[in-house]
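For chain A, the structure is supplied; the task is to place chain B on it using the hints.
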Amino acid sequence: MTLLLQRTTVALLLAGLFLFSAGPALAEGGKVVLVITADASDYVLAAGGTIAKMLDDGATGYLVRVTNDDKDSWELTAEETARRTREESEKAAKILGFKEVESLGYRAGELGGVSPTELRDRILFYVRLYKPSVMFIPNPYAEYVEVLDRFYVGQAAEDARRAASLSNYQPPFAVVGLETHVTPELYYYAQPFDPRRREAESTATFVPQPKVVDIASTFAKKLQAAQALKTINHSMAMRIKHRLESTGRHLPLLDDIDETSVSELVEINVRKLGAIAAKDTDHTQAEELHYAGVEYQIPTKYLQ
Amino acid sequence: MKPLLAILVMMLGMLPAMAELPVVDIPPGDTKTFLVIHPHHDDHSWASGQAGLITKLVDAGWTGYYVRVSNDEKDGPHGYPHDDMVNLFEAREATENLGIKDVISLNWRNDYMDPTPHNEIRAQLILLIRKYRPDLVTSYHPWGHYDRNPDHRKVSKAVGEAVWLAGFANVHPEHRKLGLKPHRVPYKFYTQRFDYGKGYEPNVVVELGESNIRRKARSFWVHRNVRLNGSTGRRMRQLLKDQGLAIPELEGLTDIEAHAWLQEWSMYSAARKVGGKHGIEYGEIYARLGEWHPWPGLTDYLESNAVEK
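Those protein sequence lines, which keep their order, are chains A and B. Going by numbering that gives the first Met the number 0, the first residue of the first sequence is number 0, and it counts up by one from there. Going by numbering that gives the first Met the number 0, the first residue of the second sequence is number 0, and it counts up by one from there.
Worth flagging that the hints you see were computed from the coordinates, not collected in a lab. Be careful, since some hints might not be right.
To be verified - Cut-off 30 Å, straight-line C-alpha distance, at most; resulting in silico cross-link-like pairs (DSS-like, lysine-lysine): (1) A:K271 - A:K210; (2) A:K229 - B:K180; (3) B:K31 - B:K156; (4) A:K271 - B:K73; (5) B:K100 - B:K176; (6) B:K100 - B:K130; (7) B:K31 - B:K308; (8) A:K130 - A:K210; (9) B:K156 - B:K272; (10) A:K30 - A:K90; (11) B:K272 - A:K229; (12) A:K271 - B:K156; (13) A:K93 - A:K30; (14) A:K130 - A:K30; (15) B:K156 - B:K180; (16) A:K210 - B:K156; (17) A:K93 - A:K229; (18) B:K176 - A:K229.
One chain only, chain A, in its complex shape (with noise of 0.2 Å):
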């Protein structure tokens, strides 16, 4: 039995190969990129300029918002902090082109004490109706993350894609006509908190391995979708100014917080962040990734 599900994986698998990596005849123009994110900056501000090149290439791309980012504002009710940032969420995946966005609601910082069985089945239903060619979701695997709802979200997002592929996980959803997909492309991404995260895995079968992708031709875009992000911004500029006011200092720049000072201030940040990942190489931004291709998930003595 296991062996039969092993080769009706690998079979699936080189499906996905054939049916998904067929070169440029497909190209982006008939991907559809599934993007996972635990709350609304962490995907903008880790991969949101790669996957704008794929949507601008012609990519459809949906996003699931497992949180409801209720807790990261400042002086303002978690109700009415979920009810913004819904709204800048939705704003800022329209900017970076996606079709539509998906807010599971549940509520921020609390994914330690929810099922992850039942975290992944939300996601493997997406998985299943969208049927994706890639699939973004956070890298469980990073370190130095503080906010460990990425932690779980990756968790289950990797859970899911393997198991959307399986029939015997939910058999409902095959009777409502949600039939198993195998994703062949999956990038897992983190902001750079990882000391090590430059550092090849030890092996490149069926382990997702480093990538830096430029993203200079859609790094507008993705400064304007972090900046769309209005009240987790709010909140990271008052955090920022408390904590300099509490040690006897200021930032000049946050001395008056309006819009205009805390656009700059995430300018600053998203240019970092690309800086930092472009590092080493020659591009003036980018992002690091893991990125587990086809290659990676079939056994080299089935590509033979």
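Then chain B, alone, in the frame of chain A:
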């Protein structure tokens, strides 16, 4: 084999020496507080514990609190509830020796923490963070690899999230009723067994002096319930005697005292090994997360442009 050996030797020669880590500066802290959060009574004072850092902070005027998350019922020869009680008493003695002001014991069941809700432990830590408003929290490394102790993994994850979430007013808004305001912890010092594979990236070393090590070594064996027993002291001396060896310092000591002396020696030895790798006599190494860690794209900018008022 010989060419292979030659290549191996050549490659070993090419390996870079372990880079010396920067020595961290401990600022004076008459108004500063710190929290040490650990699952167990004795996690602060073993070779990879933070007792040296604790004494440095206390010497610099900081006020420290020790949060023991479990009840330590499994640790010791007496069974529970006797071990719970003894271990708590000894934790108080050991941390008092380091200068810690108080021990807060959360009493979750030792080694049965998997079913303990993560969010519940985290909620208790957020409450304590808002109460004590620490400038620094130290704990096990939330991203450490290969730590086989389930309590270490559970508690460090809760700490890693609590230090972040405590800063958001909409997290446990009920705390406002007690006058407890949000507080984001600016500095985190995480530690783990530094020989446990990847996943632990120390980036600073804390320089310790004789006085720091002396207190650390004492706090190690003050956990007598789990650290000291006469039979080990007796066995060690017998082993030495069988090989025609003797340690003069052990002469005239009881078996228990001999074991305490050996335990102290092991603490000096461990700290000396760490120090030797980083150009100092004694040290402890940490992964320090600084005040701007949540915003890696702004760290350089803030460090360069924030000015004194």
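Structure-based check of each hint:
The straight-line distance between the Cα atoms of K271 (chain A) and K210 (chain A) is roughly 18 Å, inside the 30 Å bound, and the hint therefore holds. Only pairs whose Cα atoms come within 30 Å are accepted, and K229 (chain A) paired with K180 (chain B) is accepted, the gap being roughly 23 Å. Between K31 (chain B) and K156 (chain B) the CA atoms are separated by roughly 24 Å; this keeps the pair inside 30 Å, and the hint holds. Restraint check for K271 (chain A) and K73 (chain B): not satisfied, since their Cα atoms lie roughly 49 Å apart, outside the 30 Å limit.
Restraint check for K100 (chain B) and K176 (chain B): the C-alpha separation of about 26 Å stays at or below 30 Å, so the hint holds. The straight-line distance between the Cα atoms of K100 (chain B) and K130 (chain B) is roughly 14 Å, inside the 30 Å bound, and the hint therefore holds. Simply put, K31 (chain B) and K308 (chain B) have alpha-carbon atoms about 20 Å apart, close enough for the 30 Å limit, and the pair holds. Proposed proximity of K130 (chain A) and K210 (chain A) is supported: the alpha carbons are some 24 Å apart, at most 30 Å.
As the CA atoms of K156 (chain B) and K272 (chain B) are separated by approximately 29 Å, the hinted pair is consistent with the 30 Å bound. Pair hint K30 (chain A) plus K90 (chain A) holds up; C-alpha atoms about 22 Å apart against a cutoff of 30 Å. For a cut-off of 30 Å, the pair hint linking K272 (chain B) to K229 (chain A) is broken: about 50 Å separates their Cα positions. With a C-alpha separation of about 29 Å, the suggested pairing of K271 (chain A) with K156 (chain B) holds against the 30 Å cut-off.
Annotation: proposed proximity of K93 (chain A) to K30 (chain A) holds, straight-line Cα distance about 18 Å (limit 30 Å). For the hint linking K130 (chain A) to K30 (chain A), the alpha-carbon distance of about 10 Å falls within 30 Å, and the restraint holds. Restraint check for K156 (chain B) and K180 (chain B): the C-alpha separation of about 23 Å stays at or below 30 Å, so the hint holds. Using a Cα cut-off of 30 Å, the hinted pair K210 (chain A) and K156 (chain B) holds, with the two alpha carbons roughly 28 Å apart.
About 15 Å separates the Cα atoms of K93 (chain A) and K229 (chain A), which keeps this hinted pair within 30 Å; it holds. Straight-line distance between C-alpha atoms of K176 (chain B) and K229 (chain A) comes to about 29 Å, which keeps the hinted pair within the 30 Å bound.
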